[in-house]
Amino acid sequence: MEEANNVRFHGTWRSPYAKRVELALKLKGIAFEYVEEDLNNKSPSLIKFNPVYKKVPVLVHNGKPIAESLCIIEYIDETWKIGPQLLPQDPYRRAKVRFWASFIHHQLYETMLTVMKTAGEAQEKAINQVSEKLQVLEEGMQEFYPNEVPSITTQNMGILEILICCLLGPYKLQEQVLGIQIINPERTPLIFSWLTAINQVPLVKESAPAEEKTLALLKFVRDIALKSSSA
Amino acid sequence: MAAVKLLGAWVSPYNCRVICALKLKGIAYEYMEEDLLNKSPLLLQYNPVHKKIPVLVHGGRSICESAVILRYIDETWPENPLLPADPYERAVALFWIKFADDTTFPIAMMYLITGEEQKKAAKECSEMLETIEEHGLVEGKKFFGGDEINMVDIAFCSVAHWLGVIEEVTGLKAFEPHKFPKLNSWILNFKSVPVIKESLPDIETMLAFFKGRREMVLASKSS
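Residue numbers (full-length UniProt numbering), protein chains in the order written: chain A, 1 to 231; chain B, 1 to 223.
Be a bit skeptical, because a hint or two may be false.
The calculated lysine to aspartate or glutamate pairs, modelled on EDC-like cross-linking and capped at a C-alpha distance of 16 Å, are [stated by the list, open to error]:
hint	chain 1	residue 1	chain 2	residue 2
1	A	K64	B	E204
2	A	K54	B	E134
3	A	K55	A	D38
4	A	K219	A	E175
5	A	K64	B	E89
6	B	K191	B	D202
7	B	K25	B	E75
8	B	K191	B	D147
9	A	K54	B	E127
10	A	K81	B	D86
11	B	K52	B	E33
12	B	K221	B	E116
13	A	K48	B	E134
14	B	K182	B	E127
15	A	K205	A	E22
16	B	K123	B	D147
17	B	K52	B	D35
If you are wondering where the hints come from, they were derived from the structure by calculation, not from laboratory data.
All chains, please: the whole structure from these sequences, using the hints.
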């Protein structure tokens, strides 16, 4: 007899971390109930299910909560053996993927946030750091995609694709708001073609909010940050 | 059986995590102590991205980042598993391992900085300990996962062993046994495990090292 499979996901369209979980669930074809959280007015459920951080995303599977997007993605991969494998089976390859997942999560996300939220010298410094880290990632990804142009589909998207998509998928919009170049096809050709391929996956296209909505959000986040830092 | 090498530094809690895991699994390994002020060509070759320890080398292939290494060890040598078999319990364990990663940082910061920044790090550290006490540990359980030690306990070795040393060297107090009774019991349980006792660096040596480092920090601030 099949156990009731009740999946609820607390997120917000504004959070790239929540988006990671949304993509993982959709790639696996998992039916879920979605709860859009207002982070200025968090639901009692969210606070109950993630008392440590009180943040999204939180996955609730048959009433049991899991927090932290990377933990959630590994849980999804292990629990639902359908759809693409988000992490490889072989322990050494898993270690390589986890290493780069950690790199993208800790190094790239933080630095990109700084680029979004600062101006002047601080921003310039952060932009240079992003550029350096993208070079490092470019070299790292050559091990995974030695034939230059990756072919990405819903059948082979993995955790690294999810992470880079949620951060830099909308890079053209980010470049528009910031007035700078983030992805240089000449300097990082592999990352450029990787992102292009990911952005063409129908599921990714469908899950992206409307461009005007994303643009408005990016501008809003930047304005608020700059105002509070100059206050 | 492919050779296992560990490039590490005795003073690092991240290194200690890996040693604990290797010893708990009974894995034979060659240890190479790195001079972090004069990194070996081997370290730079095996961890070109971060140039940091610990690095595990297995059959000539390198694995970096202590949390990644711990998973690799557990998956490659599945006897004496260090994570729960149930996927949900495992996800909860991974959550706390990540929390342990986040906690180790303010502990290190407490001795590296001074003044207001240092007080802030001590406060952050104290809040993290409160979280562990309230949400991470269950009354009556010897360890994070129950009666047996596992990867979560190992991940928190900085709280069990480094925090006390740093507090003594800086004079700051983040941990008080009466305020954190469950954490206090856990520390005593953790440090009584024979394999852990063998793996933790000697306290006196640590005190001497951190006192020296602290003096350097203070000297550089006053110049």
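Consistency of the hints with the structure:
no.	hint	in the structure
1	A:K64 <-> B:E204	44 Å, violated
2	A:K54 <-> B:E134	15 Å, holds
3	A:K55 <-> A:D38	11 Å, holds
4	A:K219 <-> A:E175	11 Å, holds
5	A:K64 <-> B:E89	10 Å, holds
6	B:K191 <-> B:D202	12 Å, holds
7	B:K25 <-> B:E75	11 Å, holds
8	B:K191 <-> B:D147	14 Å, holds
9	A:K54 <-> B:E127	15 Å, holds
10	A:K81 <-> B:D86	15 Å, holds
11	B:K52 <-> B:E33	12 Å, holds
12	B:K221 <-> B:E116	13 Å, holds
13	A:K48 <-> B:E134	14 Å, holds
14	B:K182 <-> B:E127	15 Å, holds
15	A:K205 <-> A:E22	13 Å, holds
16	B:K123 <-> B:D147	31 Å, violated
17	B:K52 <-> B:D35	11 Å, holds
In the structure shown, a violation is registered for the earlier hints numbered 1 and 16, in ascending order.
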